[in-house]
Amino acid sequence: MSTSTPVEISLMLASVANGDAGAFERLYQATSAKIYGVVLRILRRHDLAADVMEEAYLHIWKTAGKFDPALASPMGWMVAIARTRAIDLARRPDIVASDADPEIADNESPGTLSRRELTEELKRLLTCIGRLEPDRQRMLLLAYYGAFAREELAGKLDIPVNLLKASLRRSLFEIEQCLTS
Amino acid sequence: MPDVVSNDELNALAAEYVLGTLDYEERKGASALLEVDPTFRGIVRIWERRFGELHLMVESVEPDPQLWARIRPKVPGLEQVPPAIPSAADALAAAISIFNAPAAPAAETAAPEPKAAEATTGATAPAASEAPPAESKPDAIAETELKLAELAALLPVAGAPEVPQGAAAQPEQVPEDSLHARAAEEIPRGFVPPLPMSTRGAPLVVEKPAARTGRGWMAATLAMGLVAVVLAGLISAWRFFPDRLPAQLRAYSVLNLSPPPPPPPPQKARPKLPAFDE
Numbered sequence: 018m019s020t021s022t023p024v025e026i027s028l029m030l031a032s033v034a035n036g037d038a039g040a041f042e043r044l045y046q047a048t049s050a051k052i053y054g055v056v057l058r059i060l061r062r063h064d065l066a067a068d069v070m071e072e073a074y075l076h077i078w079k080t081a082g083k084f085d086p087a088l089a090s091p092m093g094w095m096v097a098i099a100r101t102r103a104i105d106l107a108r109r110p111d112i113v114a115s116d117a118d119p120e121i122a123d124n125e126s127p128g129t130l131s132r133r134e135l136t137e138e139l140k141r142l143l144t145c146i147g148r149l150e151p152d153r154q155r156m157l158l159l160a161y162y163g164a165f166a167r168e169e170l171a172g173k174l175d176i177p178v179n180l181l182k183a184s185l186r187r188s189l190f191e192i193e194q195c196l197t198s
Numbered sequence: 371m372p373d374v375v376s377n378d379e380l381n382a383l384a385a386e387y388v389l390g391t392l393d394y395e396e397r398k399g400a401s402a403l404l405e406v407d408p409t410f411r412g413i414v415r416i417w418e419r420r421f422g423e424l425h426l427m428v429e430s431v432e433p434d435p436q437l438w439a440r441i442r443p444k445v446p447g448l449e450q451v452p453p454a455i456p457s458a459a460d461a462l463a464a465a466i467s468i469f470n471a472p473a474a475p476a477a478e479t480a481a482p483e484p485k486a487a488e489a490t491t492g493a494t495a496p497a498a499s500e501a502p503p504a505e506s507k508p509d510a511i512a513e514t515e516l517k518l519a520e521l522a523a524l525l526p527v528a529g530a531p532e533v534p535q536g537a538a539a540q541p542e543q544v545p546e547d548s549l550h551a552r553a554a555e556e557i558p559r560g561f562v563p564p565l566p567m568s569t570r571g572a573p574l575v576v577e578k579p580a581a582r583t584g585r586g587w588m589a590a591t592l593a594m595g596l597v598a599v600v601l602a603g604l605i606s607a608w609r610f611f612p613d614r615l616p617a618q619l620r621a622y623s624v625l626n627l628s629p630p631p632p633p634p635p636p637q638k639a640r641p642k643l644p645a646f647d648e
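Protein sequence lines, in the order shown, are assigned to chains A and B. Heads up, the first sequence is in our numbering, so the first residue is 18 and it goes up one at a time. Heads up, the second sequence is in our numbering, so the first residue is 371 and it goes up one at a time.
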């Protein structure tokens with residue numbers, strides 16, 4: 018499914034921006050499994066993940082014209098749209114984590130990466146993450162993939178929240194330094 | 371939240387907003403800020419771009435096919451298309467069945483086309499439903515450890531620039547190993563201009579849905595054409611050599627006329643005709 022190249026997805030987005038409904042369907046077919054994977058890992062419930070997907074894709078349909086290839090990769094842009102909504106929903110007080118589908122609840126780790134998918138940007142980021150201490154690498158990736166609030170993340174890593182917060186911020190700062198150097 | 375938000379604070383807030391580690395109240399504050407503060411919005415976009423490619427390491431999970439069924443009717447231009455194809459095929463089947471049993475041979479010739487139409491419309495469904503989202507994974511943290519170990523195995527490779535760090539390391543100049551070479555091989559592929567796209571990879575994604583909308587109609591049209599040809603053939607057969615047709619295909623049985631009231635007449639009618647001429 019993720020066999021479409023960024024250029025192909027960009028072209029689909031451009032057609033969608035022109036109101037091409039067929040292109041939107043192709044875009045969905047080409048990208049939904051990846052985005053669902055991202056969203057499901059955060060929400061760990063199929064019903065909520067489906068709600069977010071619907072909202073995100075309708076948003077993509079309406080705002081495809083705002084996608085700027087100079088500013089983001091097409092998948093990165095779409096993932097950001099879906100992720101934002103997924104995290105918003107995951108943080109809502111009425112969404113109880115214990116409702117999570119136990120089968121998915123376990124599914125919180127990053128998947129394997131086939132090397133051909135390793136883009137220049139990802140390589141640069143992984144290089145910078147790789148310069149952090151192993152514990153902080155783990156913390157950062159766990160934070161990104163599960164989008165756990167600090168408290169929950171601290172619980173998972175079994176460290177005090179304050180320590181986690183300081184460590185997280187230092188890591189983010191170092192990554193920024195590394196990426197912009 | 372402090373009254374005065376420093377740039378560092380704003381930056382950290384944006385980074386954590388993107389990372390997803392803010393709690394409900396903090397996130398609510400950040401979302402509100404996002405609405406009104408273009409500077410903050412810009413920083414958030416930067417962090418989104420920085421972390422954006424991490425999605426490549428997330429395993430794909432096929433959503434339930436019902437999800438597309440939910441989205442489709444809300445997209446102008448898609449709401450009628452998929453029902454139209456099956457109903458065209460249905461109409462065809464209904465048209466054929468009007469002729470009942472006698473139409474069987476005609477249906478046989480026409481059948482491959484509706485089947486093709488069904489195949490194209492159905493093609494996406496099995497693909498989408500073959501992996502109903504079900505992931506059974508063992509113990510959470512252990513699994514995470516495992517995957518992170520795999521990742522860690524990857525990192526040293528990407529992290530090879532550790533060495534030239536002192537030399538104001540440009541990420542570009544460093545990992546000239548096989549990994550880099552491979553990735554470099556892959557990337558130009560992505561930049562092949564639009565035209566060759568259809569001939570290259572991606573038929574899976576690009577052609578399949580096209581078949582759904584475009585080919586379904588073509589198939590239905592073809593099928594209709596075939597039916598018309600077969601019917602025309604049948605009618606001309608009735609007109610020009612009715613007795614050579616098998617009993618089932620003769621006009622009276624096909625059209626459900628009074629069944630065999632004129633079974634002998636056709637044979638006797640002929641000898642009579644020349645008699646008139648005389």
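Bear in mind the hints are in silico, worked out from the structure with no lab data behind them. Just to be clear, a hint being listed does not mean it is correct.
As the list claims (entries may be wrong) - Ranges between beta-carbon positions, derived for each pair:
| # | chain 1 | residue 1 | chain 2 | residue 2 | range |
| --- | --- | --- | --- | --- | --- |
| 1 | A | H76 | B | Y394 | 20 to 26 Å |
| 2 | B | W587 | A | R109 | 18 to 24 Å |
| 3 | A | N179 | B | S376 | 16 to 22 Å |
| 4 | B | D393 | A | Q194 | 43 to 49 Å |
| 5 | B | S376 | A | N35 | 40 to 46 Å |
| 6 | A | L88 | B | T591 | 39 to 45 Å |
Ideal Cβ positions, reconstructed from N, Cα and C, are used throughout, including at glycine.
Now for the hints, and whether the structure bears them out:
In this structure the supplied range 20 to 26 Å holds for A/H76 paired with B/Y394, their Cβ-Cβ distance being about 22 Å. For the pair B/W587 and A/R109, the beta carbons lie near 44 Å from each other, so the given range of 18 to 24 Å is not met. A hinted range of 16 to 22 Å holds for the C-beta pair A/N179 and B/S376, which are about 19 Å apart. About 26 Å separates the C-beta atoms of B/D393 and A/Q194, a value inconsistent with the hinted range of 43 to 49 Å.
Checked against the hint of 40 to 46 Å, the C-beta distance between B/S376 and A/N35 comes to roughly 43 Å, which is consistent with it. Against the hinted window of 39 to 45 Å, the Cβ-Cβ separation of A/L88 and B/T591 comes to about 44 Å, which satisfies the hint.
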